[in-house]
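Chain residues, written in single-letter form:
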Amino acid sequence: MSNVESSIRPALILGDKTLHDITEDVCRPIEDKPNKYWWMAFGLSLAIFLWWLLSVTYTIGTGIGVWGLNKTIGWAWDITNFVWWVGIGHAGTLISAILLLFRQKWRLSINRSAEAMTIFAVICAASFIVVHMGRPWVAYWPFPFANQFGSLWINFNSPLVWDVFAISTYFSVSLVFWYTGLIPDFAIVRDRAKTKFRKFCYTILSFGWVGSAKNWQRFEEVSLVLAGLATPLVLSVHSVVSMDFATSLIPGWHATIFPPYFVAGAIFSGFAMVQTLLLITRKVLNLEDYITMYHIDMMNRIILITGSIVGCAYLTEFFIAWYSGVEYEQYTFINRATGPYWWAYATMMTCNVVSPQLFWSTKLRNNLFVTFFLSIIVNIGMWFERFCYYSYFITS
Amino acid sequence: MSKKLHGIFNDDEVLLNAIRNLKAKGIKCSNAYSPYPVHGLDEALGLKRTRISIASFLYGATGTCLALLMMWYMDIWDWPMDIGGKPSWNLYKNIPSFIPVTFEFTVLCAAHGMVLTFYLRSKILPGVEPNVIHERMHDDHFVLTVEGKESDEAQIREALTQNGAVEIRS
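Those protein sequences? They're chains A and B, same order as listed.
Heads up: the first sequence is residues 175 to 570, going by our numbering.
Heads up: the second sequence is residues 43 to 212, going by our numbering.
Simulated from the structure, these hints should not be mistaken for lab results.
Quantities reported herein were computed from a predicted structural model and do not represent experimental measurements.
Keep in mind that the hints are not guaranteed to be accurate.
Said to hold, decoys possible - With a cut-off of at most 27 Å between alpha-carbon atoms, the simulated DSS-like pairs for lysine-lysine come out as follows:
| no. | chain 1 | residue 1 | chain 2 | residue 2 |
| --- | --- | --- | --- | --- |
| 1 | B | Lys70 | B | Lys46 |
| 2 | B | Lys65 | B | Lys46 |
| 3 | B | Lys90 | B | Lys191 |
| 4 | A | Lys537 | A | Lys279 |
| 5 | B | Lys70 | B | Lys90 |
| 6 | B | Lys128 | A | Lys388 |
| 7 | B | Lys67 | B | Lys46 |
| 8 | A | Lys373 | B | Lys165 |
| 9 | A | Lys388 | B | Lys67 |
| 10 | A | Lys388 | A | Lys279 |
| 11 | A | Lys370 | A | Lys207 |
| 12 | B | Lys90 | A | Lys368 |
| 13 | A | Lys388 | B | Lys65 |
| 14 | A | Lys388 | B | Lys46 |
| 15 | A | Lys207 | A | Lys388 |
| 16 | B | Lys45 | B | Lys165 |
| 17 | B | Lys70 | A | Lys388 |
| 18 | B | Lys46 | B | Lys191 |
| 19 | A | Lys279 | A | Lys191 |
| 20 | A | Lys191 | A | Lys207 |
| 21 | B | Lys191 | A | Lys388 |
| 22 | A | Lys370 | B | Lys128 |
| 23 | B | Lys135 | B | Lys165 |
| 24 | B | Lys191 | B | Lys45 |
| 25 | A | Lys368 | A | Lys207 |
| 26 | A | Lys373 | A | Lys388 |
| 27 | A | Lys457 | A | Lys537 |
| 28 | A | Lys368 | A | Lys191 |
| 29 | B | Lys90 | B | Lys67 |
| 30 | A | Lys279 | A | Lys457 |
| 31 | B | Lys128 | A | Lys245 |
| 32 | A | Lys210 | A | Lys457 |
| 33 | B | Lys67 | B | Lys45 |
| 34 | B | Lys165 | A | Lys370 |
| 35 | B | Lys165 | A | Lys368 |
Said to hold, decoys possible - A few chain B positions that, by computed beta-carbon distances, are all more than 10 Å from chain A:
| no. | residue |
| --- | --- |
| 36 | Lys45 |
| 37 | Arg62 |
| 38 | Lys65 |
| 39 | Ala66 |
| 40 | Lys67 |
The beta-carbon is built from N, C-alpha and C at its ideal position, and this holds for glycine as well.
Chain B with its partners taken away, still in its complex shape (with noise of 0.2 Å):
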């Protein structure tokens, strides 16, 4: 059976040195909270590089696409006028008067693509009930969650009191 508890931390380079310690004895440090972003503790973490912005690329690039598609469709396929002179005959001529519109869309696209991306991934989103573990936790609090065998749970409250953990939470 593994355990899970939560090391109470009120100092961040205290929590990033716990977490090279327990790392270094062979407790798992599954997740940790903090108030705001600490430099350096997805490494500690062990964490993957995010993603996000090679997906927001790709939002953006459809937007693109999508941006010219519909002007050529609307203003040159479909209808093509004359007005004050400039009329819309082909694309490449029409080209320049279509970058504003091109660009806009390209970052609607990308920003709010990428932005929803965030929400869903992090499945944070109106009406998620947050797992609020000490109430402190998004003040000056951070949580370090560790996880091991149930026989462990001694040696691992031990090593977390040892490293600096004010409080500890199962």
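This is chain A alone, in the form it adopts within the complex (with noise of 0.2 Å):
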């Protein structure tokens, strides 16, 4: 084997598997009839999904006053969930994209699982700027057509239409990034398949893939340029969602420090999606040896940084605010810490600033029901963030 180990480094994978092992473990909940805990997780998304499509269809029957959103500029909750869903999917392209330029071999476990969490996040992120608009049938108005409603073409100025760009970029791209790296992989299962249907299935999405040499060659290289090409994709993302705001010449949002504390935001809640995704999964799966402590631990690490970058940023935006000298903006981060939703921004501040503090501590870092009930106060967190920041402002 060339793969030499590090003595110094804690194993990725443990229970000295052969590579024949890792196949059979890796293909096995894909070629086995699911287990009862998998019937279960999926039952609950399942049940959520459908909560999901009733309200959407009751709130696009409507119309979006039924959340007593009655302004034609507000988002209300859209803007809410449409900034969190994007964050958390930052998570997926960090490890698949940034990882890999700075080398960390114990992405290797988690990486397509993110990315497949980053794709749906950004679809989830999609459907709220769909449900916004009150009127889906006319989503495409954004995309630069000649049109005959007023403007003729639409205007590049504007931090939405820069939106338009990057989040349909990141999407896309991600998608490829994520397909290209499981085609070996669907490869595996064609090859194994009993069936003749399954055969057939896996033969289609695997593109007909063998791993000859100049195959790899060319893989390898295309991984790593797109890898160099998401990871300023990921952070222009965000940034740019930053900026719908911070463009603008509203109080508490026309701040220079948005794109990097929008980044740090996103990627402190990705990794707690992550996180939360993956502990179900590594046990419904039987994934435990692949997806080990270590690499939990180094994931708390990075929710541990990157908290502290959020809440680092949350000081840093009172600060200005005070030393601007400007009453409006003292007003607006004075009222958003002791008004009438107090109780948001002191959530937000526990959830996004204490809890990941505990990760200090070594032996928190390796607990999994710690890890998990963190994992979820950190989204939720998160959620009060992007409540606090956008959707009471208009309320209030």
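Now that you have both chains on their own, put them together as the hints suggest.
Here it is, written out as structure tokens:
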């Protein structure tokens, strides 16, 4: 074997597995009948999905007034949910692209599932953009075509148009990045397929891949260049999302700190979501030897650092509001913390700034229950951040 | 008449050594298949460096130009507007607010152009029938394809076995 294992780092895969054992373990969840935990997880997800479908049908059928939104400028829940979901997607790209550039090998156990999470998170985010329009059948309006409803062309000075380009590029590039990485994996399942139908499906999905030396050479180069392209892309996406607010003139919004602070918050909440999902996945699919405590520990460290960056950004914002001497700016911040929605602000501060500090402790970082609990707390905190900053703002 | 033989290996180090030894004997190693990328395999086979990253750069540069051309045509040339006191009279004055879209479109073209080129050059597309030489060649086995004269077949078979091939298929 040419793979040399480091003697000073913990093993990435436990249980002394051969290559064939790994293939068997990874293919088992696809080839066997799902177990009862899988059905439970699937049933719960399906129930929540149906609930969403019902709510969206009611919203679109009746109008966005059902949330109490009665003006055309505000987005209400949808801006909160949209920004929250886009942020969650960022962890997948960080794991697949940025950690590839930093040669972090531990990413390999979790990158594909995290990328899948990215793609679904972006779909969720996009669904809230479409829903907030109230008339989703005109969702093509922000695309550049010669229109006859007033402006002739779209306005490229508008951050909302930048967002359309950023989100659609991010979604499609994440999708090909994920799928290109999956092709050799589909080839494994194809070669092992026992039934004709399965063979047929996986032959199509694997694009007829055979791992020839030239194919692998190109594959490696494509992965590297895609990682190099996805890294600035993922940083740009949440920066552009933050510019939806930062380029306005509204107190509390037009801050130059927004882009880096949004990106840090995005990675923070994204990693928490990866933890929530993978802790369930590794249990349900019996992947404890592959997604090990080491992986969980590493992700908790990222949550700790990005959570601290977010906390630092909150304090910086507060300081700058005071230092600016602009009374509207000062009022916004004081009102956010002590006004009628003080409880949302307090939830945000507790969940995002205080709770991740528990991860300084090695013992807590390596505790599954604490990790699972905190991963949910962090995402509640991040949702309240989005709520405090964009939604409640419009109602006040 | 040239004859193709496939030597099956179960270790990538052995495969790399076999390629070196067979080449030294003057046997042509035309291709190798592995379940995962093997470091040094392309050098051992004498493959040229792929130029796909250059292609990606060119696609990206095309994207940059197209995006700027589109925004210049739509917002500056064809129908300039003054929205919110931010007029669109010249390209150079509007460049700052055109940068996000230019960047995103550059990445879009570079990424998709490169991936499509990869699929087409490597002939991987939905519906392509794979040439599976060994049922475990994407699991834990490695395949080395060698070519030689039909009269040398026995010699090549022996060389493959000597160098650690666990099986030979033709």
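To see whether the hints hold, each was checked on the structure:
{"no.": "1", "hint": "Lys70/B with Lys46/B", "in the structure": "holds, 10 Å"}
{"no.": "2", "hint": "Lys65/B with Lys46/B", "in the structure": "holds, 15 Å"}
{"no.": "3", "hint": "Lys90/B with Lys191/B", "in the structure": "holds, 25 Å"}
{"no.": "4", "hint": "Lys537/A with Lys279/A", "in the structure": "holds, 23 Å"}
{"no.": "5", "hint": "Lys70/B with Lys90/B", "in the structure": "holds, 16 Å"}
{"no.": "6", "hint": "Lys128/B with Lys388/A", "in the structure": "violated, 52 Å"}
{"no.": "7", "hint": "Lys67/B with Lys46/B", "in the structure": "holds, 17 Å"}
{"no.": "8", "hint": "Lys373/A with Lys165/B", "in the structure": "holds, 19 Å"}
{"no.": "9", "hint": "Lys388/A with Lys67/B", "in the structure": "holds, 23 Å"}
{"no.": "10", "hint": "Lys388/A with Lys279/A", "in the structure": "holds, 23 Å"}
{"no.": "11", "hint": "Lys370/A with Lys207/A", "in the structure": "holds, 17 Å"}
{"no.": "12", "hint": "Lys90/B with Lys368/A", "in the structure": "violated, 38 Å"}
{"no.": "13", "hint": "Lys388/A with Lys65/B", "in the structure": "holds, 18 Å"}
{"no.": "14", "hint": "Lys388/A with Lys46/B", "in the structure": "holds, 18 Å"}
{"no.": "15", "hint": "Lys207/A with Lys388/A", "in the structure": "violated, 36 Å"}
{"no.": "16", "hint": "Lys45/B with Lys165/B", "in the structure": "holds, 24 Å"}
{"no.": "17", "hint": "Lys70/B with Lys388/A", "in the structure": "holds, 16 Å"}
{"no.": "18", "hint": "Lys46/B with Lys191/B", "in the structure": "holds, 9 Å"}
{"no.": "19", "hint": "Lys279/A with Lys191/A", "in the structure": "holds, 17 Å"}
{"no.": "20", "hint": "Lys191/A with Lys207/A", "in the structure": "holds, 23 Å"}
{"no.": "21", "hint": "Lys191/B with Lys388/A", "in the structure": "holds, 24 Å"}
{"no.": "22", "hint": "Lys370/A with Lys128/B", "in the structure": "violated, 62 Å"}
{"no.": "23", "hint": "Lys135/B with Lys165/B", "in the structure": "violated, 45 Å"}
{"no.": "24", "hint": "Lys191/B with Lys45/B", "in the structure": "holds, 6 Å"}
{"no.": "25", "hint": "Lys368/A with Lys207/A", "in the structure": "holds, 14 Å"}
{"no.": "26", "hint": "Lys373/A with Lys388/A", "in the structure": "holds, 25 Å"}
{"no.": "27", "hint": "Lys457/A with Lys537/A", "in the structure": "holds, 20 Å"}
{"no.": "28", "hint": "Lys368/A with Lys191/A", "in the structure": "holds, 24 Å"}
{"no.": "29", "hint": "Lys90/B with Lys67/B", "in the structure": "holds, 22 Å"}
{"no.": "30", "hint": "Lys279/A with Lys457/A", "in the structure": "holds, 22 Å"}
{"no.": "31", "hint": "Lys128/B with Lys245/A", "in the structure": "holds, 24 Å"}
{"no.": "32", "hint": "Lys210/A with Lys457/A", "in the structure": "holds, 12 Å"}
{"no.": "33", "hint": "Lys67/B with Lys45/B", "in the structure": "holds, 17 Å"}
{"no.": "34", "hint": "Lys165/B with Lys370/A", "in the structure": "holds, 23 Å"}
{"no.": "35", "hint": "Lys165/B with Lys368/A", "in the structure": "holds, 25 Å"}
{"no.": "36", "hint": "Lys45", "in the structure": "holds, 19 Å"}
{"no.": "37", "hint": "Arg62", "in the structure": "holds, 14 Å"}
{"no.": "38", "hint": "Lys65", "in the structure": "holds, 14 Å"}
{"no.": "39", "hint": "Ala66", "in the structure": "holds, 19 Å"}
{"no.": "40", "hint": "Lys67", "in the structure": "holds, 20 Å"}
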